[in-house]
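From first to last, the protein sequence lines are chains A and B. So the first sequence is numbered by the working numbering: it starts at 1 and just counts up by one. So the second sequence is numbered by the working numbering: it starts at 1 and just counts up by one.
In short, the hints are calculated from the structure, not lab data. Note that the Cβ used here is the ideal one computed from N, Cα and C, for glycine as well. Check before you lean on any hint, since a few could be wrong.
Distance condition first, Cα-Cα at most 25 Å in a straight line; then the derived DSS-like pairs of lysine-lysine [stated by the list, open to error]:
| # | chain 1 | residue 1 | chain 2 | residue 2 |
| --- | --- | --- | --- | --- |
| 1 | B | LYS61 | A | LYS26 |
| 2 | A | LYS26 | B | LYS138 |
| 3 | B | LYS118 | B | LYS133 |
Which chain B residues stay away from chain A? Per the calculated CB distances, all over 10 Å, these [to be verified]:
| # | residue |
| --- | --- |
| 4 | ALA27 |
| 5 | ASP52 |
| 6 | LEU54 |
| 7 | ASP95 |
| 8 | SER100 |
| 9 | PRO101 |
| 10 | ASP105 |
| 11 | GLY110 |
| 12 | MET132 |
| 13 | ASP139 |
| 14 | GLN182 |
| 15 | LYS195 |
| 16 | LEU204 |
| 17 | ASN242 |
Output of the computed footprint for chain A on chain B, the stretches with three or more beta carbons under 8 Å from beta carbons of chain A [what the hints assert, rightly or not]:
| # | stretch |
| --- | --- |
| 18 | 117-131 |
| 19 | 169-181 |
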Amino acid sequence: MNFLERTLTSFLNAMEHALDAEALAKADGLLQRVDPRTKVIGILTLIIAAATAHKLWVIGAVFAIALALAVCSRISPLLLARRVWIPVLLFAGIIALPAPFAIPGRVVWRLPGLGWALTAQGLLSARYLVTRVETAATLSVLLILSTPWTRVLKALRVLRVPVVVVVILGMAYRYIFLLLESARDMLESRRSRMVGELRGSDRRRLAAASVGVLMSKTLQLSGDVYSAMLARGFRGEVYMLDDFRTAALDWIMLSLFAGIVAAAFYYGR
Amino acid sequence: MPVPVFEVREVTFRYHEVTALDHLSLAIPPGKRVALLGANGSGKSTLLRILDGLAFPQKGKITFCGEPLTEERLQNPEFAYPFRRRVGLVFQNPDIQLFSPTVFDEVAFGPLQLQWPKEKVRATVEEMLEVMKITHLKDRSPHHLSTGEKKRVTLASVLVLDPEVLLLDEPTAALDPKSASQMIDFLIGLHGGAKTVVTTTHDLDILEDIADGCFVFQTGRLVAAGTPAEILLQTSLLEQTNLVHAHRHIHASGEAHSHPHLHGHKH
Chain A
1 MNFLERTLTS
11 FLNAMEHALD
21 AEALAKADGL
31 LQRVDPRTKV
41 IGILTLIIAA
51 ATAHKLWVIG
61 AVFAIALALA
71 VCSRISPLLL
81 ARRVWIPVLL
91 FAGIIALPAP
101 FAIPGRVVWR
111 LPGLGWALTA
121 QGLLSARYLV
131 TRVETAATLS
141 VLLILSTPWT
151 RVLKALRVLR
161 VPVVVVVILG
171 MAYRYIFLLL
181 ESARDMLESR
191 RSRMVGELRG
201 SDRRRLAAAS
211 VGVLMSKTLQ
221 LSGDVYSAML
231 ARGFRGEVYM
241 LDDFRTAALD
251 WIMLSLFAGI
261 VAAAFYYGR
Chain B
1 MPVPVFEVRE
11 VTFRYHEVTA
21 LDHLSLAIPP
31 GKRVALLGAN
41 GSGKSTLLRI
51 LDGLAFPQKG
61 KITFCGEPLT
71 EERLQNPEFA
81 YPFRRRVGLV
91 FQNPDIQLFS
101 PTVFDEVAFG
111 PLQLQWPKEK
121 VRATVEEMLE
131 VMKITHLKDR
141 SPHHLSTGEK
151 KRVTLASVLV
161 LDPEVLLLDE
171 PTAALDPKSA
181 SQMIDFLIGL
191 HGGAKTVVTT
201 THDLDILEDI
211 ADGCFVFQTG
221 RLVAAGTPAE
231 ILLQTSLLEQ
241 TNLVHAHRHI
251 HASGEAHSHP
261 HLHGHKH
């Protein structure tokens with residue numbers, strides 16, 4: 001499998017994950033019942049609280065709350081481990097790796113051979129980084145897994161994100177699937193007519209040609225979509241319908257989020 | 001004689017080097033169901049785009065209810081808003097037309113652009129979803145719909161504005177027999193609403209059901225006009241315009257032979 005096909009397979013896997021997420025967002029759980037605006041505000045402030053806390057136990061407590069929210073929302077911790085914790089640990093771990101050696105402080109260990117000093121302050125700093133990133137990523141993924149993406153986008157309006165940005169993101173989300181399918185069809189039709197392996201230079205030529213064709217299709221599609229918008233009265237201004245309803249549960253959750261965030265700010269100073 | 005909804009006079013339209021419409025003239029009377037017949041590439045879809053003010057001819061004139069239909073006039077909201085309200089176009093490829101994140105948003109798009117009050121938009125959209133029997137799809141993303149469902153959503157997204165003129169580009173293309181039949185039943189039902197319906201098709205099987213009159217196109221030119229019955233009798237015209245073909249087939253007796261006869265091209 002060459003680079004292009006591997007990339008495409010990854011995209012298609014991501015697409016399947018997105019479809020799984022939509023199914024999960026329809027489950028009957030706690031966060032699924034909460035208005036997306038409440039979730040966006042609550043989760044965003046929790047992320048800020050975790051990111052600014054100066055005590056590890058406070059960040060750990062926010063992480064535990066995120067875990068409890070996941071369980072109450074029928075989101076399996078195993079799924080979170082697979083999708084978030086392990087990839088984030090690898091990613092943040094690589095970034096945090098130099099910190100224990102680079103930050104000066106009390107030496108707790110020396111790397112055999114090289115003699116590099118591992119410091120207590122450096123280790124603490126790396127732990128802060130990893131726990132903060134894990135907590136923020138877990139909270140973000142909770143929002144995505146408990147809310148259809150289209151409603152997350154609409155809820156961004158509560159943060160004063162301009163309508164046009166929300167609409168463009170929504171359209172991009174809509175058409176990325178279509179273009180991915182188109183790309184997959186192109187690759188499959190090519191594969192069905194191929195026997196044996198291509199040379200590296202031929203593979204690169206084919207990859208470039210496929211990208212070009214896809215680009216051309218994208219341009220054609222964008223022109224057609226614009227025509228379809230014009231045909232239904234679009235004149236450069238975008239209008240949206242917010243169909244959110246605030247219920248008693250939203251006020252309870254909002255108060256809960258506010259209480260947790262206030263406590264995290266207070267104890268995490 | 002009533003003023004035609006659309007009058008096309010000596011219109012020529014080119015895509016770069018390719019002439020899609022060549023000195024075309026025709027008139028579409030109000031309240032009639034008109035079919036534009038022609039093989040692929042005969043200029044039918046281009047004409048629909050021109051009638052909907054999405055493309056403008058290099059030569060010739062178009063009028064809508066007696067008023068010139070030009071790019072300049074469509075820049076003027078006083079002309080553009082009523083025009084978009086009165087004329088609706090359903091594209092052949094539903095994926096072009098379904099650009100909103102959910103079915104509900106899609107159907108609401110037109111009314112919102114025409115700045116209807118939001119409560120009216122909600123009520124009208126709910127009603128239209130009910131009429132088209134797609135209420136159960138309202139929170140779904142268009143990506144997850146079947147082609148038949150997509151077609152119904154595209155139709156709902158145009159009909160929600162209750163246009164007087166409906167332009168339909170190959171409404172039964174790529175539909176399975178049951179979905180195609182439902183679509184035809186719906187188009188037949190539309191006639192009761194006294195709308196002007198212009199449908200492009202090369203499916204001769206549905207012609208008499210969906211049209212009172214037809215125009216036959218070949219390479220951007222109008223080659224015939226008449227009622228469906230008159231057109232369907234002209235076998236040599238239909239053969240010449242690639243709407244029917246002589247093909248080999250086997251009769252019940254087992255005898256294999258070929259002769260021209262009516263079969264719409266189905267794609």
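Handout entry: Broken hints, by number
Key = 1, 5, 6, 7, 8, 9, 10, 11, 13, 19
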